[in-house]
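Asker: Offset between the sequence shown (1-based) and the working numbering: plus 2.
Calculated directly from the structure, the hints in this document are not laboratory data.
Keep in mind that this is a model prediction, so the values were computed, not measured.
Even for Gly, the Cβ is constructed at its ideal location relative to N, Cα and C.
Treat the hints with care, since some could be wrong.
[As the list claims (entries may be wrong)] FRET-style restraints, in silico, Cβ to Cβ:
no.: 1; residue 1: V148; residue 2: V176; range: 18 to 24 angstroms
no.: 2; residue 1: G122; residue 2: L234; range: 31 to 37 angstroms
no.: 3; residue 1: G186; residue 2: E29; range: 18 to 24 angstroms
no.: 4; residue 1: E9; residue 2: E29; range: 17 to 23 angstroms
no.: 5; residue 1: A231; residue 2: G187; range: 41 to 47 angstroms
no.: 6; residue 1: P144; residue 2: E102; range: 37 to 43 angstroms
no.: 7; residue 1: L175; residue 2: P277; range: 14 to 20 angstroms
no.: 8; residue 1: R232; residue 2: G77; range: 42 to 48 angstroms
no.: 9; residue 1: G145; residue 2: G206; range: 17 to 23 angstroms
no.: 10; residue 1: L276; residue 2: A173; range: 34 to 40 angstroms
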Amino acid sequence: MKPMSSERFSGSMTALATPFRDGIVDEKAFAELVDWQIVEGTDGLIPCGTTGESPTLSHEEHRRVIEICIEVTAGRVPVIAGTGSNSTAEAIDLTRHAQEAGADAALVVAPYYNKPTQDGLYAHFRAIHDATDIPIFIYNVPGRTVVDVAVGTLARLAELPRVIGVKDATADLVRPARMRAAAGGGFVQLSGEDATVVPFLAQGGHGCISVTSNVAPRLCGELHDAWKARDLDRVGEINDRLMPLHLALFAETSPGPTKYALSLLDRCTGELRLPLVPIRDETRRTVREAMIHAGLLN
């Protein structure tokens, strides 16, 4: 199963923003965003991740967003549903729902705040794996969770039949090569850091769960297509166009800049949920300039 997974789950995959309007999920805007992403060439969709502001979604909203994504996608690209929590029981419940709703895989973040040991991390992911029947990606983002899922722990988890890959947001460009050596080429490695995606691919990665592709899905898709075709000149050209945007979208806490960028494209409002607040005027200018540089705005 894992060698096939590295072909199915690859390329440009979008960590979807969750549109809000007047304090509630804007289901129409979200459905339109999902469809636009697929039309523009995105290879996979991830609802209810960090970019989707999952910590501030109610359980009902969380489930509904995943269901809408699966319904609108209609099998055109894989859907990897964000189902993580710092509570193992809650993560199992959300993962079971994603499985029942028809998601192709679950993205399960390392438990935040609790600060488990490596043995605790293994036990957490093992419990979710054993309680469900859906492929699982481990989401390793130490900058958000404080804990780092070590290469050795990931290698142990990769021995489980349905732990098929990792979203690596460490920005450690040695790790893809280390993981490939530890778990083999069939273990899917998806970058969680847009700005380092090209060297990540060069070190053995298979794709990217991208924030930037919310705003520039066609360009991000073309970059990965060019990489697969080994057209390195085209990869470099697109990477240069996108780099200011990669950086601008993290000039303040994500997804604030991303939602502002989407508002400039009339894809959704820039509305966030507390404790996130609207981005500063200086950041707005930075985002707009980066979008112009990428050719997304006049």
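Asker: Of the hints given before, which are not true for this structure?
Answerer: Checked against the structure, the hints that fail are numbers 2, 3, 4, 5, 6, 7, 8 and 10, while the rest are satisfied.
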